[in-house]
Each structure stands twice: as C-alpha cells, then as structure tokens.
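Undergrad: Sequence:
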Amino acid sequence: MWRHTVFLGVYDLQSAWAVLGPKAAEDFAGPPAGQSAVAMVSVGEDGVLGVDDVTLSQCVWAVGRFRQRNLLDDVLADFTADETRWARQLGDLVVARGIRAGDESASGFHTRPLSHADLRAILDLGLNETGAEGLLKYRGEELTAVRVESREIRPRRDGEDPEPKFLNSFFFADLLSISKTHRRGGAMRQYLGLNPTGQRIDLREDLAAVYDSVAPNMLPDGRWPSDIGHPLALSQQFAVNRALADLEGAEGLFAVNGPPGTGKTTMLRDMIAALVTKRATALASFAHAGSAFVETSEIGTRSGIRSKVHRLHESLRGFEMVIASSNNGAVENISLEIPALSKDVIGPTFCATARYFPEIATRLLNEKNSNRDDDSPKQAWALVSAKLGNSSNVGAFINTALFGDKRWPDAADAVPGLFQQLNHPPANALSWPEARKSFLKAKSEVDRLRTVRQRLHDAFLHLPRRRQETQHLERALEVDCTQLKEQERLVSRQEESLAELAGSEAADRSDLAAHLAARPGVLEQIFSFGRVMTGWRRRQVNLAERVDRAGAEAAILKATIDQSRRVASSLRERRDETFGRLQDRKRQVAMMESALSRYTHEGPPADWFEVGSIEREKAAPWLDKEFNESRSRLFLEALQLHRAFVFDQNEKMRQNLSAACNVLKKSIAPDTPSRAVREAWEALFMVVPTITTTFASMPRLFASLKDEQLGWLFIDEAGQAPPQAAACGIWRTRRALLVGDPLQLTPVVTLPSEYQNRLLEITGTDSHWLPGTNPAQVLADRTAKYGTNIQPAGRDKIWVGAPLRVHRRCDNPMFDTVNYEVYDGLMIHGGKTMLRRFPEEEHRQEAPKSSWLDVTTIEWNGHASAQELIRFDELLRSLMEAGHDMSKVLAISPFRQTAFELERRAKRYLRESKTQSGTVHRAQGKEADIVILVLGGKTSRARNWAVDTPNLFNVAVSRAKHRLYVIGNRGEWAKLPYFKAISLQLDHHPPHLRVGDLFAPTPRLREAKQPDGLTVARMRPDLETQPEPIPRAEGGPSERPRPPIFDDNGHPVSRAEYWGQQELSSELGIPAPRVGDLLRETGLLLPGPDKEPSPEALEQGLAVWVTVMTAGGPRRYARWQPNRTLEILEPALGLDET
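When you line the sequence shown up against UniProt numbering, it's residues 1 to 1138, in that order.
Mixed in with the good hints there might be a few duds.
Taking lysine-lysine and the DSSO-like style, the derived pairs with C-alpha atoms no more than 30 Å apart in a straight line are [to be verified]:
#: 1; residue 1: Lys-938; residue 2: Lys-926
#: 2; residue 1: Lys-343; residue 2: Lys-625
#: 3; residue 1: Lys-961; residue 2: Lys-625
#: 4; residue 1: Lys-785; residue 2: Lys-618
#: 5; residue 1: Lys-278; residue 2: Lys-618
#: 6; residue 1: Lys-278; residue 2: Lys-652
#: 7; residue 1: Lys-797; residue 2: Lys-980
#: 8; residue 1: Lys-378; residue 2: Lys-907
#: 9; residue 1: Lys-625; residue 2: Lys-832
#: 10; residue 1: Lys-797; residue 2: Lys-618
#: 11; residue 1: Lys-665; residue 2: Lys-706
#: 12; residue 1: Lys-618; residue 2: Lys-849
#: 13; residue 1: Lys-980; residue 2: Lys-832
#: 14; residue 1: Lys-652; residue 2: Lys-706
#: 15; residue 1: Lys-975; residue 2: Lys-849
#: 16; residue 1: Lys-665; residue 2: Lys-406
#: 17; residue 1: Lys-278; residue 2: Lys-343
#: 18; residue 1: Lys-625; residue 2: Lys-437
#: 19; residue 1: Lys-961; residue 2: Lys-378
#: 20; residue 1: Lys-926; residue 2: Lys-914
#: 21; residue 1: Lys-706; residue 2: Lys-308
#: 22; residue 1: Lys-652; residue 2: Lys-666
#: 23; residue 1: Lys-849; residue 2: Lys-888
#: 24; residue 1: Lys-849; residue 2: Lys-961
FYI, nobody ran anything at the bench for these hints, they're computed from the structure.
It should be emphasised that the depicted structure is a prediction, and the values quoted were computed from it without experimental measurement.
Please put together the full structure from these sequences, using the hints given.
TA: Encoded structure:
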C-alpha cells in the first residue's frame, strides 16, 4: 500500500524572503536556501484525497499579507482564521469537481480519483487565498512545479503512526495556545522575562554563598551510582543542590552554563537520581502500597473501549522528567548513556547490583542502537529512560517495553514486557514490606552520615573564626588581667593613704585634747592681762582646723576607695567573663579540631575560600567514598522500591500502563479530559522516570498536556535551542533546568540573519528576541540569580547562569586557548596533566604534537582549497599507516564546500565518514582524540565571518581531546581573532614539509665535550628511546641495573620519558651544577639549594617528583620531560640548533 504526499506550487525560499528586502549575504556554513510549497495534500494509492491531510503554507500567506499591507498580521490568530476559510473553500472545490475524498469508495458515488488538473485548481485556490500570486518563483519561473513523495506503508506496529509531514512550524499550534493563555506559570513568566531578576550572585566572587549551597544538609539523598571515588565537581554539585532547593515546591527556571567537557550529562544523571529518590521517600511513607492511589477515572478510546486510570497521591506527582533538545545528537547520546551498563556510567562498586528491569532496557537500548554500526550489542542496567518523540521510537517502546516478546515464556531468549510481567509477577520480586524496610534502612544510614558531615562542614567554616576569636579573647584576657592588677594596686595605695590620714587625724585629735586640757587658768589670764588666752585660742583653732581637715580628707578618700573597689570588682567580673568565653572558645576549637582530625577522608583544601583556589573546584566538600556509596545505594534502593510497588499493585499499574499505551498510540477519544491523560502519563513516569525527545516531537507527543502538567523539563544543549521551541516545552512543565552554552553554536535558523533583523524592524520587536542569536539558554541566563560574568577576548561581558567549571576533555594547547580566549579563564582543568603523550601506551607510535600545517592555496573550489584537501588526505593516510585508531578522528571545516570534500575524501580512511566529518556546526556534542580542522575560506569576508563571534572557533578547537591539526593558510588566518592565539600555541609546519615526515623519528645529533675529554654523538630521544650512556674510561665502574623509580602515586616512571639532571647535563654538554643554575634562571626550579621544581613546571608536566630506593633508604627528587625542557634550556645556554 502506497501513500503520496503532494507538495503543490514548489517555490524557492529566497523568492519569498525577497519580499522583505534584497538578497541576504552568503551563508558560508548553513544549508543553501531550499524550497517549500504553497500547499500540501495527501493522496492514497487509489487517487483518493485525504481531506484531513491538507495544509496551507504560513510562509506564503505571510508573503501575500505583507505585499498587500506592508506589515505583518498576527501570524498565530489571523492565519488560523484564513486557513479555516481556505479549508472550507477546498471542501467546496472537491464537491464541485467531483473529487473522491476521505473514506469514499468508488461505488455509489459520482466521484473520480484526483487528477493533475485538480491539483492545479487546489494550487490556484491557495494562491488566491493568500494573495501571493506572481510573487513566488521556482528557478525563476512561475509556480507550476509539483513534488510528490511516495512511501510504501508497511503494517505498522502499535503506536507507530506514519510520521506526519510538516509544511509549517512544528510549534504553531502550541504558540497559538500559549498566546491565548491568560495565566502563565512561574517557569514561563521567568522565561519571558516577566518576573523581576533580583540581586545577582557572582559565584566566582561570593564563595560563602557557594559553600552554604554545598553543605551536606543541601545534598539530595540519592546519587547516581557512578564511581564512588569520583564525586561531582563543586560547580556540578552546586547546580544540582540549588536547582532542587530553589525549585522545590515552586515554579521557575534554573540556568546552568556548561562549557565544553564540563560534565553536563553527569550533572543531569545526579538530578535524575535525586528526584527518583525523593519520590521514593514519599512512596515509603505509605505502610500499604495501595494507599498511594487516591481515586479512579476513565479514559475512552476511539474504538469505544474505556480503560481505568488510578490517580497517584499528590505527594507522588510532579516528579516526571522530560529531557529535550533541538539537537538530535544530544538526545541520542543521552538516550544511550543513561541506561548503559558501562564504566563511564556505573561505577565498579555497583556493576553487579545495579539492576532495574535490565532485560527490557537492554532490548530497548539495542533497538535504539540498531541504526548505528556498532560492533557488539549494548548492555543496559536499568529502565530509567525511554526515548520517545517520533512515532518509530514510540512504537518500539510500546512493543518492546510494554508488550514484550510474544514468544515468552516458551523461548529462552524472549524478554517479557511490563504487561506480561504484571500479569505474571516474577518469583524473585521483592515484597513491598521488604523493599520499604530496606529503603528506610538505607535512608537512615544516609541521614546518619549526613549529620556527621554537616558538623564537619560547620566546623570547617567556623574553625578559623573561632581560632581568631580565641586569639582575640586571649589578648582581651591579658588586658583585663593587667587592668585589674593596676586597679587593685591603686586601691591598695589608696587604703594606705587612708591609714596614714587616719593616724595623722588621731594625732591631731590627741594634740587638741591635750591643748584643751591645758587651758590657762583665771589667775594666769589675769596676770597676763589676757595675752596667754589669745595664744591658746589661736592654737586651739589651728588644731581644730587640722582635725576637721583630716576628717574631710578621710571622707573623700573613703569615697574614692569605694569607687575604686567598685571599678576593681567590675574589672574582675569582666576578666572572669572573658576567661569563661575563652574557655568556651577553646573547647569549641578543640571539638572542631578533634572532629576534623577524626575525618579520615580528604577534606576541603585549606585555601577553599581564596578566589584563586583550583583544588576547591575539583570536588564538592565532604563527598567521600563512604558517603557517596551510601547515597548511591539509596538511589538503587529507591528503584527497587518503585519495582516492588509496581508488582504489589500489579493490577492497578497494568490498567494505568494500558491507559498510557492508548495515549502513546493517539487512540484516546477526543473528549478525554486532560486530567485523565496527565494521570496516565504519571503512571508511565512512575515506572520509567525519564523520557527523552526532541523539541520537534514534543507538541505531538504531549499534545494533551498543557499549562504545567508535567514536573520537570531538562533542556540539554539549550544554547542550540530556538527560543520558541523551548517555550513549547517550558509551557508544559512547572520547573525547567536549562543546561547549555551561549558561547558554542547557536540555533540553526533557516531564515538568514538579515531577514530576521528586517522582521524585527517590521514588528517593532527588541533585538534581544532575535532567535538566531538569543537561544533558550540566553533567555534563561538573563533571569538567573546565580551565575558569573564572562568576557571573551575582544567582546562585551555576558552574564551566564551557574557555570560548570571543571573541564575534563582537552589537553593543551586546546584547553588553555579556549579557556582564556573564550571563557575568560572560567574553567579549571580536572586532569592530572594538560600535556601528555598520545597514545599513552609506550609501545605505540606517538602522534605528532598538535600542529598547524601551513598551506598556500593556488586552486579554489568555492571556499574549498585543493591544496588543503591534499594535505588533509596525506594526514589521514599517515595517521592510518602509523596505526592510530581512525574511529577516533574527526574532520571538520567552517565552510560547507570544504566539509563536503572532507566527507568524500574521508571515506577511504574513516569508517563513519558521514558522522566523522562535516561542518563545525555538525560537530557540536561530539569529541574525538584527534581533530583535523581544514580551514578553507577563499576571501577575507569569509574568514571574518568565521571569527565574527568566538562560537565557531570554540566548538572547533574544543572537540579535540589530545591532538588538533589545523590545515590552512597560517599567514591569513593567524591575523584574525582567536586563531592568532591558537597559532602561537601550535607547532608550525611550513608548506614544503611532507606530512609523512612528522611521523618519522627525527633524532638530532650534536657533538659535545665531556668533562673527561671524550667526544660522543648524542641524539635527542623520543619518549620511547633510552638515552645513550656516556662512555666511560677504561677501568671505570661497570654499568649496573638501575633501580626502578616511582611517582608520588606509586606508578612507575620511565627513565626515558623523564630525565634527571645528569642526562640533561650529558645532552647539553655542561656540568650538572650548571644545569641546576639554568633550571633556576628559566624559572623551572625554585631559588635555593633544595632543587624543588616550580609549581608551573609541575602543573605543565615539565617536571615530576619521583622516589628511588637507595642503600640509604628512599630518596625523592625531580626528573624532567626531556624534549620540552631542552627547548627551554638551550636558548638560555645560547646553543645553536643543529
């Protein structure tokens, strides 16, 4: 049986765009402007018109309206009305011309099959309705072309409807519904910038906010069962914690900036584990599994059958997770990675125990993988993700996951589906009480370990402050004691003065008493004529004044002493208080130090709160192996709890999944309430936690779900997501996590940028809504509270959401160039070294260092250089002949013509030439050990286009893990931004150099005088060649086996790969002490006699600490990478290259 899709009035898109203005500039990388059609109809093999499959072009309609009014109507509302009228007119035309349509048969009707003249009439009707007559052209001619796509319709599997053809936007109906929605939820409001941004927190500066956000109390209970020795990087854990905390019980967005190689998928896996475990915690609150259902409704099907849907308790809703992307490759990668049983996904601790419907997941994984040329079938560990989206994927899921193999249980290799297992639960299924008990036990252990680590977290934060407070209190106590002693001495002196004053007063009183007793008698007064009395009275007054004065002074002094005693008492109280506080702080410090000393795992680095700390970024604090293992086991227990729930409630879950199956097959009745559809979806998510899809498939997949009826949306590669596409996903969910990078490739928009800008002018829209340069990630970043500022070289600062900072993909020079030219030094390299041998196996030939193969072009084909392509061919051949793994080579170019030639030539060398070669725009999301960048670019305008933003350069360079080979005109490209930086870091090979010579050993010989006068020829060895021994004089000591040497991790170190100062001395022909002087002069050794390499030398892999066993015990010293060290030392020594 055949179905024909007929495109009426095929036209060149450029003729439609020309209505807006002159022809746009050349698009160097994107696909050429293609064709579209005025209308689309579906015709059966018997010539019957499909009345439900007719479409009028929005683009043609807009062209006509713009010509008539010189403005754009409401494309959403006005077009819908006009299309409805056109469909009505088309129905009239079908009746008038007697065209057989719909389900009519030939018998009993005076109708006939569709003819070519009928197609022309339908086309004319479309042109008349749109008003676009005479505007559109096809290859310069009027519209008469008809294009037919014919497909044989095979018997379809359940749920696998033929994928519809789209003439208009996938998102038109959704955008129309969004525009009519008066209430927009928190996520949609934030996405549209309708919510105030609030104060921003720069995560590179506000380290206190970062530390608080990675506290153990902020960690989710569950963790993905990855390697327990590899915790999430600090920035990854921050993003997980903050997204869960900020969006829990709320609506909104959380933006994460993910530069290349920073572990975006790894972070998303932990988000999945966290939410599954959180739902399991809610599920475990039900002692009886049946209590998790609260009410029952029904879903009707088109055939009239009604199926029951059992609604889950409110505490179990809102955990649905949809992972969506505009990038098909990103969706494919996530769909394959999440369920895969591989060492990169599941750690060795859990490989034997991590299981959740693994047989079904394995069948699905290999069915997804059936269109890829993989060597062996893939093994899955869990049914944690379902790749839906298009009808083929939906059909595969229904048949494999739900219905299963019909040969079961008779065939040994048959895998039963969920329906089969629910009808016949496996004998080894864990009971609900057992699973619940095991989950709660595992959760209790996580809570215990969390409490311990939270105390450590608080101790690490507060210990420096408590130590400072202790020192302050010790100084304060010393001051208090000094002041108290001085005050007590003052009181003592005052008391002594009072005692002296009291004695003087007593003496005066005694004198006064004696004086009064010696008062002259009457006769004496008479005989002296009163003179004696005058003297006596004068003395009496004097003595009395002295007594009164002493009493007054005593009273004053007593008051002063009382005041001094009160001051002393106050000082004593303050001293005692300070002493008490000091003792309390000392106890706290002792407790914190004791707690931290008992923590046997590696704690946070001492410089954690310093802005430039590198070690801080490599791992979130307190995520030791014990805690990681406990949290991962809790996630696995959470999956087993879900499995036990499914089998305990097998009848209700079977009915729920049956309803979900009808939803997936699009067989539900049109009047089915959206609430029942949502409950069916929730039942499916209860078994399969995540669903992956492209944005293009979302409107059809979730057609009945609107207005935040799903829990979570994870947008991967959000920097490539057109804003309108993401809006249709965000509209359906309460919470959205957008992970992407605005500095990688932006959305693919078929309308050239010049015309996009023209539409902005016509509609009066602000430029920050331009879809080509403002992807979903940019819109989310604008609203982000947590983030940082990045300023690429020569560009303005941009604010990005919470950045992932630890990069684990590229060696140097790729990493440093991208990090500083594009990311403003944001990233930290997570590897042990950024310069390494490749391949690492010493028995294999090393690939040439990352290089620029200079080419002078004399022959161009568009922007493809014949000479560059010859160089490319030579490089591929040399790599293959040298035995390198050609499946790990990626060839890319900025320009479409060059990319086409790369693919054509790569077929001889690359197994998957279509996926291993292409434009840079097709390379996002990929990585390879070796990347070959063939530049092309005939004109300066083309080259300037490539560096208009850092995005293309960023993606091209950051695909390379170990080696980058640039082929192109270095003189032209190295003058341009970004390429200038990489040109300075790459080895330069001139045009006349044969590529094959790079792979041949190239020893350098030099005659040098030894201290004993012997002349020897020495060569600079490659990393696999042992240095030649220095000839010894006759009678000298014989060569002895040299003891092995090991690095600080206990790994053996090759003496050929790293030399000691003696070997360097021999190569340079100078005494060993002079080598030490040169190393210090060039900054490779630190000043002083200790022979300690500089941190830069160690970090760049120029030096390594080694230990060798000697008769006197182990000796630790530094050895040096010979080639690069000699390249630094020789200019300092002033030797000429030979």
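Undergrad: Each hint needs a verdict: does it hold in this structure or not?
TA: Hint check results:
Our distance criterion of 30 Å between C-alpha atoms is met by Lys-938 and Lys-926, whose separation comes to about 27 Å. With a C-alpha separation of about 17 Å, the suggested pairing of Lys-343 with Lys-625 holds against the 30 Å cut-off. About 28 Å separates the Cα atoms of Lys-961 and Lys-625, which keeps this hinted pair within 30 Å; it holds. Simply put, Lys-785 and Lys-618 have alpha-carbon atoms about 23 Å apart, close enough for the 30 Å limit, and the pair holds.
Restraint check: the Cα-Cα separation between Lys-278 and Lys-618 comes to about 27 Å, which is no more than 30 Å; the hinted pair holds. With a C-alpha separation of about 22 Å, the suggested pairing of Lys-278 with Lys-652 holds against the 30 Å cut-off. The straight-line distance between the Cα atoms of Lys-797 and Lys-980 is roughly 21 Å, inside the 30 Å bound, and the hint therefore holds. A C-alpha spacing of about 26 Å is found between Lys-378 and Lys-907, which places the hinted pair at or below 30 Å, so the restraint holds.
Only pairs whose Cα atoms come within 30 Å are accepted, and Lys-625 paired with Lys-832 is accepted, the gap being roughly 20 Å. Taking the CA atoms of Lys-797 and Lys-618, the gap is about 25 Å. The hint holds against a cut of 30 Å. With a C-alpha separation of about 18 Å, the suggested pairing of Lys-665 with Lys-706 holds against the 30 Å cut-off. Only pairs whose Cα atoms come within 30 Å are accepted, and Lys-618 paired with Lys-849 is accepted, the gap being roughly 27 Å.
With a C-alpha separation of about 27 Å, the suggested pairing of Lys-980 with Lys-832 holds against the 30 Å cut-off. Proximity of Lys-652 to Lys-706 is assessed by CA-CA distance (about 25 Å); at most 30 Å being required, the pair is judged to hold. Among the hinted pairs, Lys-975 with Lys-849 is consistent with the structure: their alpha-carbon atoms are about 22 Å apart, no more than 30 Å. Taking the CA atoms of Lys-665 and Lys-406, the gap is about 19 Å. The hint holds against a cut of 30 Å.
A C-alpha spacing of about 26 Å is found between Lys-278 and Lys-343, which places the hinted pair at or below 30 Å, so the restraint holds. A threshold of 30 Å between alpha carbons decides the hint, and for Lys-625 with Lys-437 the separation of about 24 Å falls inside it, so the pair holds. A distance of roughly 24 Å separates the Cα atoms of Lys-961 and Lys-378; the hinted pair therefore holds under the 30 Å criterion. Using a Cα cut-off of 30 Å, the hinted pair Lys-926 and Lys-914 holds, with the two alpha carbons roughly 13 Å apart.
With a C-alpha separation of about 22 Å, the suggested pairing of Lys-706 with Lys-308 holds against the 30 Å cut-off. This hinted pair checks out: Lys-652 and Lys-666 have alpha carbons roughly 21 Å apart, not beyond 30 Å. Among the hinted pairs, Lys-849 with Lys-888 is consistent with the structure: their alpha-carbon atoms are about 16 Å apart, no more than 30 Å. Taking the CA atoms of Lys-849 and Lys-961, the gap is about 12 Å. The hint holds against a cut of 30 Å.
Of the numbered hints listed earlier, not one is contradicted by the structure.
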